[in-house]
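Enquirer: Here is how the chains run, residue by residue.
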Amino acid sequence: MKIPSNITTLIAGIVLTLVSLWVGKNHGLLPVAASEEAALVDGLFNTMMTISTGLFFIVEGVLVYSIFRFRRRPGDNTDGPPTHGNVPLEILWTAIPAVIILIIGVYSFEVYNSMGGLDPMAAHGHSMQQARKMPGSAIAATLDENTQQAAPTPTEQIADGVGASPDKSANPNLEVNVTGLQFAWIFAYPDSGVTSGELHVPTGREVKLNISANDVIHAFWVPEFRLKQDAIPGRTTELRFTPKTVGTYPVICAELCGSYHGGMKTQVIVQTPEEFDAWVQSQQEVASAENLDRALAINPQAMSTGEFLAPYAGEMGITSDTLEQLHASHHHQF
Amino acid sequence: MEPADLAAREHEESGTNWRKFFGFSTDHKVIGIQYLVTSFFFYLIGGALASAVRTELATPDADFVSPDLYNSLFTIHATVMIFLWIVPAATGGFGNYLIPLMIGARDMAFPRLNAVAFWMIPPAGILLMSSFFVGAAGSGWTSYPPLSIINGSKAGEFIWILSVLLLGTSSILGAVNFFVTILKMRIPGMGLNQMPLFCWAMLAASALILIGTPVLAGALILLSFDLIAGTAFFNPTGGGDPVVYQHMFWFYSHPAVYIMILPVFGMISEIIPAHARKPIFGYRAIAYSSLAISFLGLIVWAHHMFTSGTPAWLRMFFMIATMIIAVPTGIKVFSWLATIWGGKLRLNSAMIFGMGFISMFVVGGLSGIMVASVPFDIHVHDTYFIVAHLHYVLFGGSVFGLYGALYHWFPKMTGRMMNETWGKVHFALTFIGFNMCFLPMHKLGLEGMPRRVAMYDPKFTALNVVCTVGSYILAVSTIPFLVNAAWSWLRGPKAPDNPWQALTLEWMTSSPPPVENFYKDPVLASGPYDYGMVNALVIRQKMMKGKEATTERKTPSGIPLNQLKASDLLGGSSSIVQSASDAEVEAQTLQDEDPMLSGGPNSVLRAKPDPEEAVNPDDRQDS
Ligand code: HEM
Ligand SMILES: [Cu+2]
Ligand SMILES: [Cu+2]
Chain A
1 MKIPSNITTL
11 IAGIVLTLVS
21 LWVGKNHGLL
31 PVAASEEAAL
41 VDGLFNTMMT
51 ISTGLFFIVE
61 GVLVYSIFRF
71 RRRPGDNTDG
81 PPTHGNVPLE
91 ILWTAIPAVI
101 ILIIGVYSFE
111 VYNSMGGLDP
121 MAAHGHSMQQ
131 ARKMPGSAIA
141 ATLDENTQQA
151 APTPTEQIAD
161 GVGASPDKSA
171 NPNLEVNVTG
181 LQFAWIFAYP
191 DSGVTSGELH
201 VPTGREVKLN
211 ISANDVIHAF
221 WVPEFRLKQD
231 AIPGRTTELR
241 FTPKTVGTYP
251 VICAELCGSY
261 HGGMKTQVIV
271 QTPEEFDAWV
281 QSQQEVASAE
291 NLDRALAINP
301 QAMSTGEFLA
311 PYAGEMGITS
321 DTLEQLHASH
331 HHQF
Chain B
1 MEPADLAARE
11 HEESGTNWRK
21 FFGFSTDHKV
31 IGIQYLVTSF
41 FFYLIGGALA
51 SAVRTELATP
61 DADFVSPDLY
71 NSLFTIHATV
81 MIFLWIVPAA
91 TGGFGNYLIP
101 LMIGARDMAF
111 PRLNAVAFWM
121 IPPAGILLMS
131 SFFVGAAGSG
141 WTSYPPLSII
151 NGSKAGEFIW
161 ILSVLLLGTS
171 SILGAVNFFV
181 TILKMRIPGM
191 GLNQMPLFCW
201 AMLAASALIL
211 IGTPVLAGAL
221 ILLSFDLIAG
231 TAFFNPTGGG
241 DPVVYQHMFW
251 FYSHPAVYIM
261 ILPVFGMISE
271 IIPAHARKPI
281 FGYRAIAYSS
291 LAISFLGLIV
301 WAHHMFTSGT
311 PAWLRMFFMI
321 ATMIIAVPTG
331 IKVFSWLATI
341 WGGKLRLNSA
351 MIFGMGFISM
361 FVVGGLSGIM
371 VASVPFDIHV
381 HDTYFIVAHL
391 HYVLFGGSVF
401 GLYGALYHWF
411 PKMTGRMMNE
421 TWGKVHFALT
431 FIGFNMCFLP
441 MHKLGLEGMP
451 RRVAMYDPKF
461 TALNVVCTVG
471 SYILAVSTIP
481 FLVNAAWSWL
491 RGPKAPDNPW
501 QALTLEWMTS
511 SPPPVENFYK
521 DPVLASGPYD
531 YGMVNALVIR
541 QKMMKGKEAT
551 TERKTPSGIP
561 LNQLKASDLL
571 GGSSSIVQSA
581 SDAEVEAQTL
591 QDEDPMLSGG
601 PNSVLRAKPD
611 PEEAVNPDDR
621 QDS
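Just so you know, the sequences run in chain order A and B.
So the first sequence is numbered by my numbering: it starts at 1 and just counts up by one.
So the second sequence is numbered by my numbering: it starts at 1 and just counts up by one.
Check before you lean on any hint, since a few could be wrong.
[Claimed, not checked] Keeping only pairs whose Cα atoms sit at most 25 Å apart, straight-line, the calculated BS3-like set for lysine-lysine is:
no., chain 1, residue 1, chain 2, residue 2
1, A, LYS244, B, LYS443
2, A, LYS25, A, LYS244
3, B, LYS459, A, LYS25
[As the list claims (entries may be wrong)] Partial list, derived from the structure: chain A residues whose beta carbon lies under 8 Å from chain B:
no., residue
4, PHE56
5, GLY80
6, VAL87
7, TRP93
8, MET115
9, GLN229
10, PRO233
11, THR237
12, ILE252
13, SER259
14, HIS261
[Stated by the list, open to error] Distance ranges between label pairs, derived from CB positions:
no., chain 1, residue 1, chain 2, residue 2, range
15, B, TRP313, A, HIS27, 27 to 33 Å
16, A, GLY61, B, VAL466, 21 to 27 Å
17, B, PRO214, A, LEU102, 32 to 38 Å
18, A, THR245, B, LYS459, 14 to 20 Å
19, B, PRO496, A, VAL64, 27 to 33 Å
20, B, TYR288, A, ASP76, 30 to 36 Å
21, B, LEU127, A, PRO31, 39 to 45 Å
22, A, GLN267, B, PHE41, 42 to 48 Å
23, B, TRP313, A, SER282, 42 to 48 Å
24, B, GLY218, A, SER282, 52 to 58 Å
Everything labelled a hint here was simulated from the structure, so no lab data went into it.
As the structure is a prediction and not an experimental result, all values here were calculated from the model.
Think of the CB as a built atom: it goes at the ideal place given N, C-alpha and C, for glycine as much as any other residue.
Kindly produce the complete structure, drawing on both the sequences and the hints.
Expert: What follows is the structure in structure tokens.
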């Protein structure tokens with residue numbers, strides 16, 4: 001095997017590295033990162049992009065170079081050199097992928113951990129119960145002392161730069177119960193009794209979603225948060241994150257759930273804490289003006305699908321026909 | 001080639017006609033071609049369904065078909081592509097056709113079982129297609145409960161289960177046959193390490209079929225009980241657990257992707273050295289990495305379930321296990337590149353599809369490492385990024401490889417050469433269409449387009465239109481292939497026995513081979529990839545002379561092996577033909593006393609004659 005002259009290799013290597021690094025930073029493939037966790041995932045993706053770009057160009061480069069350089073010349077019917085292998089080379093290219101996956105593996109592990117994916121406290125106390133209660137916990141972040149003692153009070157202020165990472169969550173959770181059903185999402189705020197078809201969350205505060213489904217499997221996905229969790233009927237899964245950037249982002253169902261799966265979407269509205277509190281208040285007022293009892297007793301699980309769908313059906317373009325069908329099929333099923 | 005010989009062969013061929021392809025033949029070559037033609041037919045159907053899917057996706061609204069029908073379209077598209085095209089074509093088709101020829105056997109170990117395995121496929125396929133009349137299954141090819149239990153028509157879902165069960169059974173029967181054939185029916189002198197690499201790959205894939213498919217069958221049978229008998233294995237309303245189904249399903253279906261890619265890896269390992277005119281680089285590394293992939297493939301299934309509420313530690317385990325697969329896969333890719341490097345590439349259709357395979361598969365492999373990473377997969381799971389990834393593996397990988405294999409073995413199978421120009425047109429269209437169709441999907445997924453949706457956010461329209469145009473180019477790209485294959489089969493120029501001067505045994509018999517494959521039992525005259533060491537043509541000539549010298553040609557059964565000595569063929573004990581070509585000079589410099597350091601024929605990575613079993617006495621004495 002002829003190895004091209006050192007200088008050329010060196011220059012090619014440098015160019016390749018620069019290009020890979022550039023691509024890793026400037027691929028522009030991801031939407032805005034609206035949660036603290038999203039930035040971590042993006043860092044990971046950028047690194048993987050850099051490495052992949054390098055490997056991609058090495059492989060394609062060898063192929064393209066070979067097409068020109070090693071093309072059979074007309075009239076030449078001889079064979080190439082009988083190279084059967086090369087153990088040092090073989091070891092080298094076993095080691096390179098091994099090192100690369102080691103890097104990506106450790107990095108992924110770190111990111112996962114700081115997203116609260118691993119739960120080091122799960123072995124004792126509170127978290128243990130938590131874990132048992134929610135066997136499918138998705139991102140079961142650590143609950144440190146603060147979280148455990150402080151009752152969630154919506155008005156409490158947030159410290160600067162605090163994320164959902166287990167070691168830093170000084171703020172109480174905002175808990176939201178999320179229910180997926182064909183073909184809508186229901187968000188219930190147990191602390192304030194508010195129920196909504198859109199998810200409102202304040203910036204800077206750690207949000208914990210308890211996700212479940214009424215009928216089939218759905219998946220809660222907010223691309224801008226880089227977070228996804230299946231909503232599985234018969235169990236509760238959870239997702240924790242800290243919204244960062246004010247804005248309105250889509251909430252998408254990512255698991256096939258029936259005919260109108262593609263239409264099963266709503267919005268998450270990330271607001272400043274003040275706006276959020278105002279929203280909660282306004283919702284409570286509306287609810288109490290309408291029917292106080294109902295607002296307090298609201299519980300998605302206890303309501304029939306039809307009752308729930310009604311307010312959102314218009315938005316989603318569901319006709320009364322589909323609603324009827326849906327209703328019927330639910331009675332049939334349960 | 002002697003004219004007399006040709007005439008004799010013509011005679012033999014005329015006894016067998018096209019009708020045998022429609023009957024219950026037990027000839028592995030007939031069965032192999034039956035598999036290939038049938039599965040290619042289903043590929044066209046699957047492709048038509050894909051075009052319908054892409055047409056729907058040309059606009060953000062569900063306007064071309066109803067959302068229900070859309071769900072059926074992609075469900076059946078995937079089922080057809082996997083169970084009726086890639087699996088039967090790669091294992092059933094090429095496996096059946098090539099394995100006995102490559103190991104010098106006269107047929108498969110269980111010829112009748114083989115025919116039964118094939119004949120389960122057409123009814124299963126017709127069943128599946130006919131389910132469109134009752135409302136075909138529409139819960140994705142994964143068919144997750146509880147959706148699959150309550151979604152749409154029960155008849156459609158039940159037919160889907162039935163047909164996948166049939167296809168799974170067929171695949172198990174085939175795998176048993178490959179396993180026994182490869183292990184038991186090799187000609188003397190061919191130890192495992194002298195087998196062509198395709199045989200290694202089939203061994204690895206068959207093991208996966210045997211271990212995985214029964215679990216899928218179990219899952220589907222339980223699912224059918226939930227569906228029709230009202231049990232609640234997977235139905236939470238009755239206390240069942242839908243996640244258990246996912247585990248059982250993926251326990252098969254992750255290995256299934258290796259069932260679809262390993263045989264193709266094997267084909268690439270045949271095609272690349274033959275057309276690069278160089279020995280495969282690192283025979284042993286490639287052979288054993290197939291086994292490693294096969295083993296690792298069994299312990300990574302839950303990487304499809306990172307968002308299914310899988311416990312954190314388990315996700316970490318499956319992440320690491322999945323990433324480790326990159327190592328044996330990387331070994332293969334680098335070895336193929338090293339095989340190409342410094343060769344004398346004949347850039348014909350088979351070779352460019354082979355190189356196209358490497359270049360596209362690598363993209364799927366890299367995005368595969370990405371999705372193995374849990375935090376990243378949480379973002380892209382069930383999005384178009386996955387659709388892109390899986391098509392780079394299955395289409396850019398398996399389908400490109402299968403096309404390469406079709407061009408490579410077409411002369412052997414039909415006795416005719418294919419047209420090269422149209423082959424290249426075919427490649428160009430496929431390559432452009434494929435990348436146009438699937439490359440943009442990466443971005444779509446990352447930006448927020450979920451998979452399996454008939455309607456999507458209008459901001460994704462532009463990229464989707466590009467994808468759809470790409471899919472139409474892909475649809476058109478099959479036309480040159482079909483016309484070329486049909487025309488060449490009927491009128492193409494007659495193919496010589498060994499048009500590529502390859503060294504594996506299937507090229508040592510006529511094109512197409514006679515009923516029991518060889519006129520007399522073949523002997524291993526060289527390693528499967530000893531290009532550049534022995535002049536392939538010299539061997540070939542001597543082989544033919546040996547063949548003509550024997551009068552028992554028409555009754556191949558009773559010839560004692562020792563009538564033809566390998567040393568006769570080699571013209572001496574030295575395997576390197578002396579000549580002063582550049583290649584030889586280079587070969588000298590590659591040689592090193594130490595087999596660990598040698599790049600040449602002395603290398604430990606070479607498939608050396610097995611000292612226990614070698615036919616050639618010289619090799620036996622070697623060590
Ligand atoms: C002929 C060109 C092809 C085109 C245009 C095409 C297009 C598509 C599209 C657009 C989807 C996504 C459907 C959706 O999520 O809504 C899809 C899914 C899929 N395709 Fe293809 N495809 C092609 C070939 C293949 C091949 C050769 C395979 C090989 C096995 C394959 C296997 C799959 C699988 C497994 C899925 C997943 C289906 C699901 O989500 O249940 N496709 N295809
Ligand atoms: Cu959905
Ligand atoms: Cu998998």
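Enquirer: Taking the hints in turn, state whether each one holds.
Expert: Okay, the hints, checked on the actual structure:
1. LYS244/A x LYS443/B: Within the cut-off at roughly 23 Å; holds.
2. LYS25/A x LYS244/A: holds (21 Å)
3. LYS459/B x LYS25/A: holds (24 Å)
4. PHE56: This interface hint holds because 6 Å falls under the 8 Å limit.
5. GLY80: Check passed: Cβ of GLY80/A comes within 4 Å of chain B, closer than 8 Å.
6. VAL87: holds (5 Å)
7. TRP93: holds (4 Å)
8. MET115: Since the shortest Cβ distance to chain B is 6 Å, the answer is holds.
9. GLN229: holds (6 Å)
10. PRO233: holds (4 Å)
11. THR237: Result: holds, 5 Å to nearest chain B Cβ.
12. ILE252: holds (5 Å)
13. SER259: holds (4 Å)
14. HIS261: Where the cut-off is 8 Å and the nearest Cβ of chain B is about 6 Å from HIS261/A, the hint holds.
15. TRP313/B x HIS27/A: 27 to 33 Å: For TRP313/B and HIS27/A the Cβ distance comes to about 32 Å; the hint holds.
16. GLY61/A x VAL466/B: 21 to 27 Å: Taking Cβ atoms as reference, GLY61/A and VAL466/B lie about 26 Å apart, which means the hint holds.
17. PRO214/B x LEU102/A: 32 to 38 Å: holds (35 Å)
18. THR245/A x LYS459/B: 14 to 20 Å: For THR245/A and LYS459/B the Cβ distance comes to about 18 Å; the hint holds.
19. PRO496/B x VAL64/A: 27 to 33 Å: About 31 Å separates the Cβ atoms of PRO496/B and VAL64/A, which means 27 to 33 Å holds.
20. TYR288/B x ASP76/A: 30 to 36 Å: Hint holds: Cβ distance 34 Å, inside 30 to 36 Å.
21. LEU127/B x PRO31/A: 39 to 45 Å: Given range 39 to 45 Å: holds, Cβ gap about 43 Å.
22. GLN267/A x PHE41/B: 42 to 48 Å: Check passed, 46 Å falls within 42 to 48 Å.
23. TRP313/B x SER282/A: 42 to 48 Å: The hinted range 42 to 48 Å holds for TRP313/B and SER282/A, with Cβ atoms some 43 Å apart.
24. GLY218/B x SER282/A: 52 to 58 Å: holds (54 Å)
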